[in-house]
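Engineer: Residue strings, one per chain:
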Amino acid sequence: MSEGALLEVSNLKKYFSVRGSFTKKVRAVDGVAFCIRRGETLGVVGESGCGKTTLGKTVLRLLDPTSGRIVFNGVDVTRVRGARLREYWRNAQMVFQDPHTSLNPRMTIASTLLEPIRQYRLGVGDEEAFLVSQLELVGLTKELLYRYPHELSGGQKQRVAILRAIITRPKFVVLDEPTSSLDVSVQAQILDLLKDLQAKFNLTYMFISHDIAVIRYVSNRIAVMYLGKIVEIGLADKVFESPMHPYTQFLFSALPIPDPKLAKSKKKLLIPGEPPSPINPPPGCKFHPRCPHAVDICRRQEPQMIEVEKDHYASCWLHIKKQ
Amino acid sequence: MTGLREGEVLRVEDLHVRFYTYAGVVYAVSGVSFYVMESETIALVGETGCGKTVTTRAIARLVEPPGRIERGVALFRRRNGKVVDLLKIGDEELRQIRGDEIAYVFQDPTSALDPLYTIGFHIHETVKAHNSKTNKKDILKRAIKLLKEVAIPSPEARIKNYPHELSGGMRQRSVIAISLSNNPRLLIADEPTTNLDVTIQVQILELLKELQKAYKMSLILITHNMGIVAEMADRVYVMYAGKVVEEGLVEQVFYNPQHPYTKLLLRAVPNPLKKIEKLEYIPGTVPLLTNPPHGCRFHPRCPFVMDICRKEEPQLVGVEKGHGVACWLVTKK
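Here the protein sequences come in this chain order: A and B.
The number in our numbering is simply the position in the first sequence, starting from 1, with 6 added.
The number in our numbering is simply the position in the second sequence, starting from 1, with 39 added.
If you are wondering where the hints come from, they were derived from the structure by calculation, not from laboratory data.
Careful, some of the hints might be misleading.
As the list claims (entries may be wrong) - In silico PhoX-like links for lysine-lysine, alpha-carbon gap of 25 Å or less: (1) Lys-172(B) to Lys-199(B); (2) Lys-270(A) to Lys-252(B); (3) Lys-313(B) to Lys-273(A).
Sequences are here, hints too, so could you generate the full structure?
Structural biologist: What follows is the structure, given as structure tokens:
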């Protein structure tokens, strides 16, 4: 176990069966290993269908892993059940992408927030007073307590969803695209709120997003996923300044830059095609059919993750060969 | 204004659109004016509900009840050089223009395509509606050529596909192919890449740029993504609560924003190339347009609000050539 790690995941796999077939599997997460240190934010980026949401859910045991190991705070939680699983969930929570569907439309904000408190028998004394104090944490007022989700704006709903996740004072929160359904100015508010809460309660985040600018803003380290695998992981500044994997390079060069002169002078790299199906991924390096640097070995053998510089790992034959 | 200036394709003046709902009258667009030159790209930007989409739909009279276009002029130069007011012409002439000279790419490609028909049929229908004499064989040939242009692999097979058989990126590209099928003079793209991944997004944007060059097409781009604006647009109109609050060349608006709303909006966008410690945001939320604030519509959220802002509405005034702002801070100077 590496030092300071709160969560350590090794060789995690999650396969889904395909209807009408015993042998075909969707390899949503296909052998992923990483660790998250206490108090940091690991950003996970990748295109739709690369398995980032499945990864988040599997890490939290909302989905049962096909194989692999998840160690949280020194305890192996890969197969725990019953009370020990509930204990894990008390410490590890999730905020979902769309607050319109993640809040129960038939429950008031108060009853939504009381559920985890009663579930875990947290002694909070006067429940109403406690809830009011908690609402203030996320910048909401007590008028909202007895309202229903449809009476709230998108930003307010997402604040409630965040509060529900942190009300048991977890150590770890998985944030799955928490701002992608919100407007830019509301997005900025929520991102700053998340940063404040992290500092206040010493939270550790796994922040999943397809928006690379957002990931850059919130993350200490980032992991880039492609077709169920992490292809590059490292300190955010290092990965952004010198991306090593060809896929990461493509991804970053595709970003629209909010600066007209820079945007018009920058040369765009275009990746041909679209990601292949995770049911039948290509052999060898999964990126090779779209990679301009692909050589023979890429088609035959899968590259291992290697350390290209301190705190910066990539799995690509280009870098393995150099060493 | 009676005519179009040299090189202008479209000029909208003082457009007002209201929606008569049970909750009251929604003043969705209140006095918007803008113009588009030949081969130019303009961007309409602003938060959700600021009237971007309604403005562009009104141009081709696509506003449906309870919405109504109350006032305004939308002059358009047709392919044959004739200048018409799109808000006044007869239905038959409008039908000829829609889908032929002015084409739309709507936000959600899934609902823009009819699930019961193939991609080839969609293109066939669009071409046939405007050139009834062309035969099916020629149209299918053209459909294949169009799909090839928008970089859809094996187009001969794809024209027989139904929308559900295509991925999101391919659907959006098909929608673009359909809209281009009659070589429009003006393409209106409403958030054309919002649901797409960045690598597909960049393909679509590059494609639009290329096609624009090839066909000398004008483009109205609606987006809230400032990165896309910076990359694509020649000029920008910043909208807030149904009004244009700032207009100018993309460089003027990005490097020298004058309206407090524009400034805040630009600062709220995370830049992937820079490490930012703290994002700024605009306090409060967009006002309900059933009862828009008096005076300047931005005043309840504005950090520089003055007395006059609450009482009187600022007019758009020029600060430099081509750069206009509607804000009392600027007007007073």
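Engineer: Evaluate each hint against the coordinates.
Structural biologist: We went through each hint and held it up to the structure:
1. Lys-172(B) to Lys-199(B): holds (23 Å)
2. Lys-270(A) to Lys-252(B): Measuring from Cα to Cα gives roughly 15 Å; hence the hint holds.
3. Lys-313(B) to Lys-273(A): holds (18 Å)
In this structure, none of the earlier numbered hints is contradicted; all agree with it.
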